[in-house]
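Undergrad: All chains, full assembly: derive it from the sequences and hints.
Protein chains in written order, with the working numbering: chain A, 339 to 696; chain B, 167 to 420; chain C, 7 to 303.
There are no misleading hints in this set.
Restraint-style ranges between C-beta atoms, simulated for each label pair:
hint, chain 1, residue 1, chain 2, residue 2, range
1, A, 633, C, 133, 50 to 60 Å
2, B, 277, A, 351, 17 to 27 Å
3, C, 189, A, 373, 53 to 63 Å
4, A, 386, B, 295, 46 to 56 Å
5, B, 277, A, 352, 20 to 30 Å
6, B, 203, A, 694, 47 to 57 Å
7, B, 411, A, 353, 56 to 66 Å
Below, in silico cross-link-like pairs of lysine-lysine (BS3-like), each with a Cα-Cα straight-line distance of 27 Å or less:
hint, chain 1, residue 1, chain 2, residue 2
8, A, 535, B, 311
9, B, 256, A, 535
10, A, 686, B, 256
11, A, 565, B, 256
12, A, 565, A, 467
13, A, 535, B, 271
14, B, 287, A, 565
15, A, 535, B, 288
16, A, 467, B, 256
17, A, 535, B, 287
18, B, 182, B, 409
19, B, 287, B, 256
20, B, 271, A, 565
21, B, 311, B, 288
22, A, 565, B, 288
23, B, 271, B, 288
24, A, 688, B, 311
25, A, 686, B, 311
26, A, 535, A, 686
27, A, 688, B, 256
Just so you know, these hints were derived from the structure itself, not from any lab. All values derive from a computational prediction rather than experimental measurement. Every residue, glycine too, gets a C-beta built ideally from N, C-alpha and C.
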Amino acid sequence: MLYREAGQFRSTYAEDQQIFPIRQDRIAMALLLLVAFVAVPLFGDQYWLSAIITPFLIFALATLGLNILTGYAGQLSLGTAAFMGIGAFMAYNAMLRIPHMPIVGAFIVGGLCAAAVGVVFGLPSLRIKGFYLAVATLACQFFVLWALNRVGWFSNYSSSGVITAQRMDVFGYPVDTPATKYLLTLAVVALMALAAKNLMRSETGRAFMAIRDMDVAASVIGIPMMKTKLLAFAISSFYCGVAGALYAFSYLGTVEPEAFVLDLSFRVLFMMIIGGAGSILGSFLGAGFITLFPIFLNLASKRLENALGMEIPHALISNTEAIIFGALIIFFLIVEPYGLARLWQITKEKLRLWPFPH
Amino acid sequence: MLLSVEGVSLAFGGVKALNDVSFDVRSHEVRAIIGPNGAGKSSMLNVLNGVYHPQQGKIRFRDHEFRDMDSHEAAALGIARTFQNIALFKGMTVLDNVMTGRNLKMRCNFLEQAIWLGRAKKEELAHRRAVEEIIDFLEIQHIRKTPVGRLPYGLQKRVELARALAAEPILLLLDEPMAGMNLEEKQDMCRFVLDVNDHFGTTLVLIEHDMGVVMDISDRVVVLDYGRKIADGTPDQVRNDQKVIDAYLGVAHA
Amino acid sequence: MTFFIEVVAGGLLAGVMYALVALGFVLIYKASGVFNFAQGSMVFFAALTFVSLLERGWNLWLALAVTLAAMVVLGMLTERIVLRPLINQPPITLFMATIGLTFVLEGLSQLLWGSQPHGLELGIPDVPIEWLSEKANINISQFDLFAALVAGVLVAVLALLFQKTRIGRALRAVADDHQAALAVGIPLQHIWTIVWAVAGFVALVAGVMWGVRNGVQYALTFTALKALPVLILGGFESIAGAIIGGLIIGASEKVAEVYLGPYVGGGIESWFAYVVALLFLLVRPEGLFGEKHIDRV
Numbered sequence: 339m340l341y342r343e344a345g346q347f348r349s350t351y352a353e354d355q356q357i358f359p360i361r362q363d364r365i366a367m368a369l370l371l372l373v374a375f376v377a378v379p380l381f382g383d384q385y386w387l388s389a390i391i392t393p394f395l396i397f398a399l400a401t402l403g404l405n406i407l408t409g410y411a412g413q414l415s416l417g418t419a420a421f422m423g424i425g426a427f428m429a430y431n432a433m434l435r436i437p438h439m440p441i442v443g444a445f446i447v448g449g450l451c452a453a454a455v456g457v458v459f460g461l462p463s464l465r466i467k468g469f470y471l472a473v474a475t476l477a478c479q480f481f482v483l484w485a486l487n488r489v490g491w492f493s494n495y496s497s498s499g500v501i502t503a504q505r506m507d508v509f510g511y512p513v514d515t516p517a518t519k520y521l522l523t524l525a526v527v528a529l530m531a532l533a534a535k536n537l538m539r540s541e542t543g544r545a546f547m548a549i550r551d552m553d554v555a556a557s558v559i560g561i562p563m564m565k566t567k568l569l570a571f572a573i574s575s576f577y578c579g580v581a582g583a584l585y586a587f588s589y590l591g592t593v594e595p596e597a598f599v600l601d602l603s604f605r606v607l608f609m610m611i612i613g614g615a616g617s618i619l620g621s622f623l624g625a626g627f628i629t630l631f632p633i634f635l636n637l638a639s640k641r642l643e644n645a646l647g648m649e650i651p652h653a654l655i656s657n658t659e660a661i662i663f664g665a666l667i668i669f670f671l672i673v674e675p676y677g678l679a680r681l682w683q684i685t686k687e688k689l690r691l692w693p694f695p696h
Numbered sequence: 167m168l169l170s171v172e173g174v175s176l177a178f179g180g181v182k183a184l185n186d187v188s189f190d191v192r193s194h195e196v197r198a199i200i201g202p203n204g205a206g207k208s209s210m211l212n213v214l215n216g217v218y219h220p221q222q223g224k225i226r227f228r229d230h231e232f233r234d235m236d237s238h239e240a241a242a243l244g245i246a247r248t249f250q251n252i253a254l255f256k257g258m259t260v261l262d263n264v265m266t267g268r269n270l271k272m273r274c275n276f277l278e279q280a281i282w283l284g285r286a287k288k289e290e291l292a293h294r295r296a297v298e299e300i301i302d303f304l305e306i307q308h309i310r311k312t313p314v315g316r317l318p319y320g321l322q323k324r325v326e327l328a329r330a331l332a333a334e335p336i337l338l339l340l341d342e343p344m345a346g347m348n349l350e351e352k353q354d355m356c357r358f359v360l361d362v363n364d365h366f367g368t369t370l371v372l373i374e375h376d377m378g379v380v381m382d383i384s385d386r387v388v389v390l391d392y393g394r395k396i397a398d399g400t401p402d403q404v405r406n407d408q409k410v411i412d413a414y415l416g417v418a419h420a
Numbered sequence: 007m008t009f010f011i012e013v014v015a016g017g018l019l020a021g022v023m024y025a026l027v028a029l030g031f032v033l034i035y036k037a038s039g040v041f042n043f044a045q046g047s048m049v050f051f052a053a054l055t056f057v058s059l060l061e062r063g064w065n066l067w068l069a070l071a072v073t074l075a076a077m078v079v080l081g082m083l084t085e086r087i088v089l090r091p092l093i094n095q096p097p098i099t100l101f102m103a104t105i106g107l108t109f110v111l112e113g114l115s116q117l118l119w120g121s122q123p124h125g126l127e128l129g130i131p132d133v134p135i136e137w138l139s140e141k142a143n144i145n146i147s148q149f150d151l152f153a154a155l156v157a158g159v160l161v162a163v164l165a166l167l168f169q170k171t172r173i174g175r176a177l178r179a180v181a182d183d184h185q186a187a188l189a190v191g192i193p194l195q196h197i198w199t200i201v202w203a204v205a206g207f208v209a210l211v212a213g214v215m216w217g218v219r220n221g222v223q224y225a226l227t228f229t230a231l232k233a234l235p236v237l238i239l240g241g242f243e244s245i246a247g248a249i250i251g252g253l254i255i256g257a258s259e260k261v262a263e264v265y266l267g268p269y270v271g272g273g274i275e276s277w278f279a280y281v282v283a284l285l286f287l288l289v290r291p292e293g294l295f296g297e298k299h300i301d302r303v
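TA: Put into structure tokens, the structure is as follows:
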């Protein structure tokens, strides 16, 4: 009833090509943006902002990056964390060594450095595919981690390898409260998500999907294999790099190379699988799910502790979390390989008919 | 003379797929390649559009001469093709698949596309318009938003043809376009193929097993057997050639 | 010079260990076409179960038998819950499912047995072989040699199994095409259960060997990951390749760490194997013993 499309005709191609062709969707999106940009920072709980919502946005961005490479272009990558690490450390170095560097500029520098490394480690994709490529990206992951640890320049020769993110300010306004950090993160992520959506519905996105679905055919119709694959690596790594920079500056504050281990790459991969490969919305859904789930688990265990009157060891919780994540991955791959995004799509289609059964 | 194949030989390891094959294709004609299975027909087509590189011989297309051309260079020269086993992008809709056919004509870089407003949007809509004309032409409007994986075989073949046409090719290579179709679908496909030849002036080279179709729509026919050319001429000439009858057509026993 | 021989020998023997893990991968890949990312966590689970039973005072052989049984059950459960629903899905889906399996196994292992490191003793001391160190001044551990022998026997048995028996042929059919194998009546489910059980056994052997060498702890899973470069060198479908690949990776890694390491601050071992594999992939993607795939258009 609420979601009826009746009467909404698209009479130009422009209308058909919109991101949200259905009016109700446009209204919902506008409301969501209003709440996100205005209501949340004004009324949001500080703890939730800094510990949950901001990292959710950051991981959504990283998942978006991985999605562009793996979900859309079909190049499996296990090096996501490495690119985030590069973004973080290079943004730090940009702020450190280039005078008057604005914070957003530092993010871009971080992203570009990550993109450059992405292109280098993406070169093997011209000759190898599938899990062979995954192993090649492992080489990237381990090498970058080693380099960030051993090459003192990255951490400004600090003995522990730890870097402390510098103070941020945008046009003279300091960004140092949970609310302002959240807004900065939200702005960056929203813009980049829009850019990603635009890219994926344009020729670039189609070229990526063509390479994923059947690269021989793609080559036959004129899509340049090398350029397209390297572009996918570059854009994806750029997104992960910016996410990493945000991770250091907007969330953690101090960061060490060990924050960007293989486990983080897996985490982002899980977000992509659960949320939905090849879907912008899916990146957000997956990131939200994996960010919120441990919190839910913690709350549930606290309830259980109170009910049973005994303490539940932390190891138990984290191991249970690992088991459930693994099981969920398998579950989603079996039941709905296109993840939450597809489930959402199905729900919307049912909504169009509601309350009528047909 | 649009295309001429000169002394092409192709081998895979020890197997000789093509053995010193030469023929030519005139502008605007419909040229059929026929022969028993394993004769090298698909391999010939693959050579023509750069998927396989022959060990000997050369191909002359307009004023280009080549042996080692890449498939996407062939596409840039104006050669398009469809595949025997359908090479559509199963994860995308019909519309998106046909739009990929326009990729060589798109000029905007990825940054412009990321911004969308302005040049990228204009270009996308202009190409959408062109693609919709082809969709109209091939009568697949009703399925334009359907993911191709869900379509029946006959419609998938039509979508593949649409994608090839979207590139506005000079030469179109069709690999068994009627395979697996019933009579009605074949008639439709024949009509489309002939329309393409008439309406757009595209030169066609097609591989086909259905002799009725071949004799009906082609201007000239090349016959391959075990990688060699055994006949070359108009359908009537080829139909009555003894070598062709022995190798492929057979005789009707009363 | 003797130092160099020691380093190489040490590397080769470490390589034998990698090969043991890779062997499990090859088995599963040869038999079901699945790239089992969870092999490393299977090694970890087997080792942890075994050592925990031993520490609770169980007899060695009993502990071995029970752990083996556990691995077989694990194999059956994996086949039933993970593989069967995903028959004929693209390989990448199965691969990601095994990543999920990895997390489940690692969480389960530590949930059951805790996460402290354990030492493991098998009765064969990790001391240099006497006559070698006296006659030639080369130190090679008795235990390493024992591990090499065990690996050799295992490889021989498995190679025979695949090449000579009916089951072996069925396994190779299944690896090529699940549906076709089903169509000719090969009992897919039984075969997979058998294969995963055997792979579980191999994982147990590998886990015990590694456990004695380095102790049973979470870091074992990272060592197990090194089996991936081994497979790339050796080819995913070759048992011989797993051994040779393991030897090459083990030796080159050790040599690089000892001779190149000091110039760049050490720690090369964390990535050297992968970079070697990467370079190899660019030159010969199918590995030393793998089969070239020609895609028919």
